[in-house]
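Trainee: Residue numbers (the numbering used here), protein chains in the order written: chain L, 31 to 120; chain C, 31 to 120; chain E, 31 to 120; chain H, 31 to 120.
A few of these clues could be false.
Pairs count within a copy or across copies, as identical chains cannot be separated in the list.
To be verified - No farther apart than 25 Å at their CA atoms in a straight line, the calculated lysine-lysine pairs in the DSS-like style are these:
1. 78 <-> 35
2. 78 <-> 32
3. 32 <-> 43
4. 32 <-> 117
5. 120 <-> 78
6. 32 <-> 54
The set of hints was computed from the structure by calculation and includes no laboratory data.
Protein chains: 4
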Amino acid sequence: MKADKTKITRLLKTARGQLDGLLKMVEDDRYCIDISNQLMATQAILRKANCEIMHAHLNSCVREAFEEGDSLRTQEKLDEIMEMMDKLSK
Amino acid sequence: MKADKTKITRLLKTARGQLDGLLKMVEDDRYCIDISNQLMATQAILRKANCEIMHAHLNSCVREAFEEGDSLRTQEKLDEIMEMMDKLSK
Amino acid sequence: MKADKTKITRLLKTARGQLDGLLKMVEDDRYCIDISNQLMATQAILRKANCEIMHAHLNSCVREAFEEGDSLRTQEKLDEIMEMMDKLSK
Amino acid sequence: MKADKTKITRLLKTARGQLDGLLKMVEDDRYCIDISNQLMATQAILRKANCEIMHAHLNSCVREAFEEGDSLRTQEKLDEIMEMMDKLSK
Numbered sequence: 031m032k033a034d035k036t037k038i039t040r041l042l043k044t045a046r047g048q049l050d051g052l053l054k055m056v057e058d059d060r061y062c063i064d065i066s067n068q069l070m071a072t073q074a075i076l077r078k079a080n081c082e083i084m085h086a087h088l089n090s091c092v093r094e095a096f097e098e099g100d101s102l103r104t105q106e107k108l109d110e111i112m113e114m115m116d117k118l119s120k
Numbered sequence: 031m032k033a034d035k036t037k038i039t040r041l042l043k044t045a046r047g048q049l050d051g052l053l054k055m056v057e058d059d060r061y062c063i064d065i066s067n068q069l070m071a072t073q074a075i076l077r078k079a080n081c082e083i084m085h086a087h088l089n090s091c092v093r094e095a096f097e098e099g100d101s102l103r104t105q106e107k108l109d110e111i112m113e114m115m116d117k118l119s120k
Numbered sequence: 031m032k033a034d035k036t037k038i039t040r041l042l043k044t045a046r047g048q049l050d051g052l053l054k055m056v057e058d059d060r061y062c063i064d065i066s067n068q069l070m071a072t073q074a075i076l077r078k079a080n081c082e083i084m085h086a087h088l089n090s091c092v093r094e095a096f097e098e099g100d101s102l103r104t105q106e107k108l109d110e111i112m113e114m115m116d117k118l119s120k
Numbered sequence: 031m032k033a034d035k036t037k038i039t040r041l042l043k044t045a046r047g048q049l050d051g052l053l054k055m056v057e058d059d060r061y062c063i064d065i066s067n068q069l070m071a072t073q074a075i076l077r078k079a080n081c082e083i084m085h086a087h088l089n090s091c092v093r094e095a096f097e098e099g100d101s102l103r104t105q106e107k108l109d110e111i112m113e114m115m116d117k118l119s120k
């Protein structure tokens with residue numbers, strides 16, 4: 031992975047900490063809406079991590095594949111980006 | 031929270047397990063797209079948990095507030111649903 | 031529909047005007063990204079219209095169904111909201 | 031635009047026809063949920079058009095920029111894709 035490891039690790043650990051918090055909220059029988067809001071905050075962190083990963087991917091893996099000029103690898107990269115965009119569009 | 035605690039706990043623990051896996055993938059310097067796909071799978075689990083929570087919330091908290099006929103609490107519930115829909119619409 | 035008709039009509043007409051603009055952009059062979067950005071702006075307007083419609087729906091149809099106390103209609107309304115939330119969550 | 035013009039034009043015209051239908055539904059004071067469902071169907075068509083446009087963009091404009099090897103244009107293309115992904119991630 032080409033994204034800043036420290037940054038991604040920090041985001042993933044924050045999300046994991048929030049999941050621990052969420053498990054506690056469920057156990058403590060907290061109010062549905064409070065749990066739901068916290069869940070959506072965790073989803074936002076994962077979305078942010080995914081954006082960071084995709085940016086770095088484009089700026090390194092994709093760029094390099096193109097610079098090497100290997101048309102098979104180039105097509106592979108373009109296909110992966112399309113698949114990713116299709117998933118994000120849903 | 032009115033959703034099935036066992037089910038929500040299982041979903042959250044699955045997501046947490048996947049985050050542990052993701053932290054390992056980052057540490058092992060796995061391919062960006064593989065990490066991104068795994069991240070989106072985790073987001074899908076959290077979305078599923080949120081849907082379950084909202085369904086149970088509507089079928090219990092919201093229904094009860096209306097059945098009690100307390101117009102202040104009723105408005106509060108409606109406002110919460112609107113806020114949730116606005117967030118989901120983004 | 032319980033939302034402000036004038037407001038919803040204005041939003042829908044704006045979106046329709048943008049679609050006319052988009053058809054012209056396609057015909058004029060404009061740049062992909064410009065067309066894509068315009069398309070997403072149109073989607074944002076439709077999302078806004080949908081939010082307005084759902085707010086008014088909750089504040090009138092749903093509220094009334096509950097106030098009438100008809101449990102069959104009440105369930106129908108709750109089911110519709112759940113279905114809508116599921117769609118928005120995708 | 032590099033996507034199939036006939037296909038994109040057909041999708042945009044379908045969406046425009048649905049907006050005409052929606053304006054009629056609003057005028058006829060149809061049920062909120064029916065209007066909302068129709069609105070979301072129209073949004074799905076625009077999403078589909080946007081996916082088609084982005085696929086063709088990647089497979090032509092982006093590929094060509096890279097093949098020409100102009101690093102400034104290459105960076106421009108990568109920046110546009112990132113911006114698009116960020117918008118889709120919201």
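Trainee: What are the numbers of the hints the structure violates, in ascending order?
Mentor: Violated hints: none; all satisfied.
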